[in-house]
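Throw the hints in and build the complete structure from the sequences for me.
Protein chains in written order, with our numbering: chain A, 1 to 388; chain B, 1001 to 1387; chain C, 2001 to 2253.
Think of the hints as simulated: they come from the structure by calculation, not from any bench.
Take these hints with a grain of salt, some might be off.
[As the list claims (entries may be wrong)] Keeping only pairs whose Cα atoms sit at most 20 angstroms apart, straight-line, the calculated PhoX-like set for lysine-lysine is:
no., chain 1, residue 1, chain 2, residue 2
1, B, K1194, C, K2248
2, B, K1194, A, K29
3, A, K6, A, K29
4, A, K198, B, K1194
5, B, K1233, B, K1309
6, C, K2155, C, K2002
7, A, K25, A, K43
8, C, K2002, C, K2107
9, A, K238, A, K228
10, B, K1188, B, K1107
11, C, K2087, C, K2217
12, A, K267, C, K2021
[Claimed, not checked] Label-pair ranges, simulated between beta-carbon atoms:
no., chain 1, residue 1, chain 2, residue 2, range
13, B, A1345, C, M2001, 53 to 61 angstroms
14, A, R274, C, V2167, 53 to 61 angstroms
15, B, S1294, A, G197, 50 to 58 angstroms
16, A, R302, B, A1345, 23 to 31 angstroms
17, A, K25, C, M2001, 36 to 44 angstroms
18, B, E1379, A, K6, 53 to 61 angstroms
19, B, F1378, A, Q380, 25 to 33 angstroms
20, A, P26, B, A1345, 55 to 63 angstroms
21, B, T1381, A, R274, 21 to 29 angstroms
22, B, K1044, A, E40, 30 to 38 angstroms
23, C, M2001, A, E40, 30 to 38 angstroms
24, A, E18, B, A1176, 24 to 32 angstroms
[As the list claims (entries may be wrong)] So the derived list for chain B, only partly shown, Cβ under 10 angstroms to chain A, looks like this:
no., residue
25, A1062
26, D1065
27, A1130
28, F1264
29, A1265
30, R1268
31, I1275
32, R1328
33, E1346
34, S1350
Each residue gets a CB set at the ideal place from its N, CA and C atoms; glycine is no exception.
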Amino acid sequence: MDFDLKPEHQALRRFLREFVQEEIKPLVKQIDRTSLVPDELLKKAAAAGLFGIPFSQKYGGMGAGEMGYCILMEELGRADASTTAILGAHTGIGVMTMYLDGTEELKRRYLPDLCAGRKIAAFALTEANAGSDAASIRMRAVREGDSYILDGEKMWITNGPVADVLSVLAITDPSLGARGGATCFAVESKWEGFSAGKREEKMGLHGSPTAALKFDNLRVPQENVIGKVGLGFVTMMKTLDVGRVSLGAATLGGAQAALEAAMQWAKMRVQFGRNLANMQSIQFMVADMAAEIESLRSLVYRTAWLVDAGRPFTKEAGMCKLLGSEIASRCIDRALQIHGALGFTRDGWVERAWRDSRINEIFEGTNEIQRIVIASELFQEIGVRIRP
Amino acid sequence: MDFSLTDEQQMFRDMFRSFAQKEIARVAEHTDKEEQLPPELLNKAAEQGMLGALVPDTLGGAALDPLSYTLMLEEIGKACLSTAAVILMHTSLATQAVLDFGSDDQKGRWLPALAAGEALGSFALTEPDAGSDAQSVSTRAVHDGDDYVLTGEKSWVGNASIAGLFVVFATSDPKANGRGMSALVLEKDTPGLKVGHREPTLGLRGAMFHTVYLDGVRVPVTNRLGGEGDGWKIAENSLEHVRLALGAAGLGIAQAALDAGRAFAVERKQFGVPIATKQAIGDYFAETVIEIESLRHLIHYAAWLAEQKQSFASEAAMIKVLAARTARNATNRMLQVHGGYGFSAEYSISRLYRDARALDLIGGTPQIQRVQLARHVFEDTGVKVAP
Amino acid sequence: MKIVVAIKQVLDPRGFTVNRKAEKIFVNREEYIINPPDRCALEAALRLKEAAGAEVIVLAGGPERAGDALRQAWAMGADRGIHLTDKLFAGADGLVAAKLLATAIRKLADVDLALTGDRALDTGAGEVGPRLAEALGWPHILAAHRVEVSDGMVKAIVAVGKQFFAVQAQRPAVVVIASGANQPRYGNAARVINSYREWNPEVWNAADLGLAESDLKVAVEKRGQAFPPERQPGTLLSSAGELVGLLKRQRVI
Chain A
1 MDFDLKPEHQ ALRRFLREFV QEEIKPLVKQ IDRTSLVPDE LLKKAAAAGL
51 FGIPFSQKYG GMGAGEMGYC ILMEELGRAD ASTTAILGAH TGIGVMTMYL
101 DGTEELKRRY LPDLCAGRKI AAFALTEANA GSDAASIRMR AVREGDSYIL
151 DGEKMWITNG PVADVLSVLA ITDPSLGARG GATCFAVESK WEGFSAGKRE
201 EKMGLHGSPT AALKFDNLRV PQENVIGKVG LGFVTMMKTL DVGRVSLGAA
251 TLGGAQAALE AAMQWAKMRV QFGRNLANMQ SIQFMVADMA AEIESLRSLV
301 YRTAWLVDAG RPFTKEAGMC KLLGSEIASR CIDRALQIHG ALGFTRDGWV
351 ERAWRDSRIN EIFEGTNEIQ RIVIASELFQ EIGVRIRP
Chain B
1001 MDFSLTDEQQ MFRDMFRSFA QKEIARVAEH TDKEEQLPPE LLNKAAEQGM
1051 LGALVPDTLG GAALDPLSYT LMLEEIGKAC LSTAAVILMH TSLATQAVLD
1101 FGSDDQKGRW LPALAAGEAL GSFALTEPDA GSDAQSVSTR AVHDGDDYVL
1151 TGEKSWVGNA SIAGLFVVFA TSDPKANGRG MSALVLEKDT PGLKVGHREP
1201 TLGLRGAMFH TVYLDGVRVP VTNRLGGEGD GWKIAENSLE HVRLALGAAG
1251 LGIAQAALDA GRAFAVERKQ FGVPIATKQA IGDYFAETVI EIESLRHLIH
1301 YAAWLAEQKQ SFASEAAMIK VLAARTARNA TNRMLQVHGG YGFSAEYSIS
1351 RLYRDARALD LIGGTPQIQR VQLARHVFED TGVKVAP
Chain C
2001 MKIVVAIKQV LDPRGFTVNR KAEKIFVNRE EYIINPPDRC ALEAALRLKE
2051 AAGAEVIVLA GGPERAGDAL RQAWAMGADR GIHLTDKLFA GADGLVAAKL
2101 LATAIRKLAD VDLALTGDRA LDTGAGEVGP RLAEALGWPH ILAAHRVEVS
2151 DGMVKAIVAV GKQFFAVQAQ RPAVVVIASG ANQPRYGNAA RVINSYREWN
2201 PEVWNAADLG LAESDLKVAV EKRGQAFPPE RQPGTLLSSA GELVGLLKRQ
2251 RVI
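What follows is the structure, given as structure tokens:
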């Protein structure tokens, strides 16, 4: 059992770390204050290949697999959560839906532009009354000739206001509901009938544009169905599953950055005649952070390996997201505490990370849902079907 | 042991609750966005006697008993923690110092203005290198005739830009590590006293924390509270009082979070039922009320000790830790109950979450409280516990 | 056009700390990077390739890990990478390094330009460029900022103190690129991946270069090492307001 990353992935990490630290990290405060990730930055990221990391090179991707993608998300997570959210929603769930279940033709049509960052993707599942209960979506897709007419509204869609192509779930057969009667579509935002609402004002993740979306009798050609008609819910759940692994990686990066910053501060800050690093309660906080991070690291990269090896990974993916989000929140909170008053001022960086990280326990499936998913998988292994 | 509130305490509570909901809660979101209290708010609070809560009525105060004071702060904290912070820094830190250590003459000079809200009080102890290690204050107080000349820099001074009176801690002997400290009262506009940069904060955005520069500020010796070298004792006394006050405010915000979460959990339906019926969600509420009720009773006990004129130093430390934890946990859990809406700036819960986080920092961190409590536990064994 | 770029690896300075009291260097994280000035040289070569068309060949000496540097160079856009490695090359000084490079360049034949960085982060010597020119018998340009080629010549803007001069030389020539002359590109993630999957650097040893031990005698003898004298640390201020306050308290203003 070789626990080292393959040389190409080690090189990829070095490459991505340099890019992120040089290009993204210096802009973090500005991104939070202006609520904008500069276009300039996204262009540079696209040129470096950051928009297509996991996808096969035959579609214009970088060919780095889920392992490479987790490395990207970890490196991004170390620097800025808003940029991570943009790239994560684009790659991990937006494009991923088409990559997992799209026809060859659909993939050849859309993936090259998406992988090159010439177009941005989003994942549109959530609605006002369908959050954790994703199956209670109401958006309709009515068959009309060789198209479908989509009508409805989505909510809280990351990248919604800026996306060119969206993976959207709509009900095609109301008598069957979402499970069995929903279909996934690749929708272009430039098509007639699409509009994005005003950007949500959030506690954190200011640079990540999120909005409600309206689909008003929007015509989608049947060639843009992703996966099988009626089985769209499965497609979406499959995508969310794999998306959780990389979210775990992003939270790993955030936790790691918090640990490093806390330690640097503990080295510098002197009170009671010695540096904080020499206070036992601080030492124990740091040790706890490191132990949690190390266990998360093993979990995330082993799960990425499962994905690339084609093995089942639903339970582990849920764990990545669940533990990752909670560990990141704990580590960042401890880092804030170690920084004392400096952790509370907006002139520092910790408070931004603290505001940004809170959403991780909520989106991509709340941690309550993750626990249900994990429990469900576990009990299934011993023959028990549980109801949420 | 009678746990009930007296009629008078109930009356005060209802009065504070009504005022807080009507005048403070209504503008709480605005206070957070604009990062300041609405101009008239403190005047209105002063009219209610809130700014002179513990000052004797002979000097224009409301002469509240300690428990009623905690009830007041609980109601204000429930409405807006920023407002509670501004008020309690004035009452429990600055005014308390004058109340407990001022001569009759000094009390007569300053308490009426403080109680009426004509002068807001500010407490300048912390420095860039004296945070948790508050005793290592290095602001100098040098004798010059009948005056002290103060030189130094204070940080995170609450209320500084709107204060009329500052209680400043300076040392005549930096090497004496706290034993050389004195507490001096300065009026705003004293030459050399300069209010500087304001810290933009994560939460408590309606309160203002500034760096304050003292550049050769001349202050008469008659402005010193207590004796020379009494500074640390005076600081500790105020800190004890403010811990109890922050505890009460923290109880308030925890309750506010619980109330918000409860309303949301009843309204929001998923999987065909209100989420309040889901066991995991119910667990969050259960844990929250356990913490809230524990805190409430500890506060009431400490208030009772205060009323008996007994020391409540340890209880204040316990309350500070417990309140910060309770508020943090309550707001965090209730934010989770709100799901995606919890992250939206349009719902109040994210503001409560940001505000509550301050409680682990202002008035002394739990790290320091725990050292104090450990010291207290081992006090009579002869074993010495220090930070 | 054929352009050779000479690169070397150095220890990542972010991975070690210096303890003056103990007069020791503690390597906390042993990682190697392409010597940053050499990356500027590679970037200059790649820009020439984009402007005028060229084959960019990267040469690197060093132990096995130098392969990573060559792969990174390929990922940035180089066409060939050659690892010059042999037991006999160990401990090479500037003179021997120049000789190795010159031999390799002659073996490659028809090379128009040899680009190097202006110094290595570890030795700080900056001699390889001029020594290489000497060994090849080519003209050399130092501290080059903007490099252009045209009809048999190479032109550059060079910095001398605070002034800039336009110089030119006949090709083939050695051009030493000034640090900070350009912002080296990152490359592209797909090429980073492929640099390990589809590509391998070529390996040339002493025999391939026709060099014997007697050809590789160093000219430098190390007699000892010492730390430079200590400087008093300053105070880090974070705002103009802090500075003014400090100056006021010291009664300067």
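Original post:
Does the CB of F1264 (chain B) sit less than 10 angstroms away from some CB of chain A?
Top reply: violated, 12 angstroms
Original post:
Would the pair K2002 (chain C) and K2107 (chain C) pass a check requiring their Cα atoms to be no farther apart than 20 angstroms?
Top reply: Holds: K2002 (chain C) and K2107 (chain C) sit about 13 angstroms apart, inside 20 angstroms.
Subject >> Straight-line alpha-carbon gap K2087 (chain C) to K2217 (chain C), limit 20 angstroms >> reply: Holds, because 13 angstroms separates the two Cα atoms, which is no more than 20 angstroms.
Original post:
Do the beta carbons of T1381 (chain B) and R274 (chain A) sit within 21 to 29 angstroms of each other?
Top reply: Given about 25 angstroms between the Cβ atoms, the range holds.
**OP:** Could you check the hint for me, namely that K25 (chain A) and M2001 (chain C) are 36 to 44 angstroms apart, CB to CB?
**Re:** Holds, at about 38 angstroms.
Subject >> Agreement of hint A1130 (chain B) with chain A interface, Cβ distance less than 10 angstroms >> reply: holds, 8 angstroms
Subject >> Hinted contact A1062 (chain B) with chain A - closest CB pair below 10 angstroms >> reply: Since chain A brings no Cβ nearer than about 31 angstroms to A1062 (chain B), farther than 10 angstroms, the hint is violated.
**OP:** Measure nothing beyond the straight line between the CA atoms of K6 (chain A) and K29 (chain A); if it is 20 angstroms or shorter, mark the hint as holding.
**Re:** With a Cα-Cα distance of about 34 angstroms, the restraint between K6 (chain A) and K29 (chain A) is violated, given a limit of 20 angstroms.
**OP:** For M2001 (chain C) and E40 (chain A), compare the CB-CB distance with the range 30 to 38 angstroms and indicate the outcome.
**Re:** holds, 32 angstroms
Original post:
Holds or violated: is the Cβ of D1065 (chain B) closer than 10 angstroms to a Cβ in chain A?
Top reply: violated, 33 angstroms
Subject >> Supplied distance hint 55 to 63 angstroms, evaluated on CB atoms of P26 (chain A) and A1345 (chain B) >> reply: Violated, since P26 (chain A) and A1345 (chain B) (Cβ atoms, about 26 angstroms apart) do not stay within the stated range.
Original post:
Is the straight-line distance between the alpha-carbon of K267 (chain A) and that of K2021 (chain C) 20 angstroms or less?
Top reply: holds, 18 angstroms
The structure fails hints 2, 3, 4, 15, 16, 19, 20, 22, 24, 25, 26, 28, 29 (numbered hints given earlier, in ascending order).
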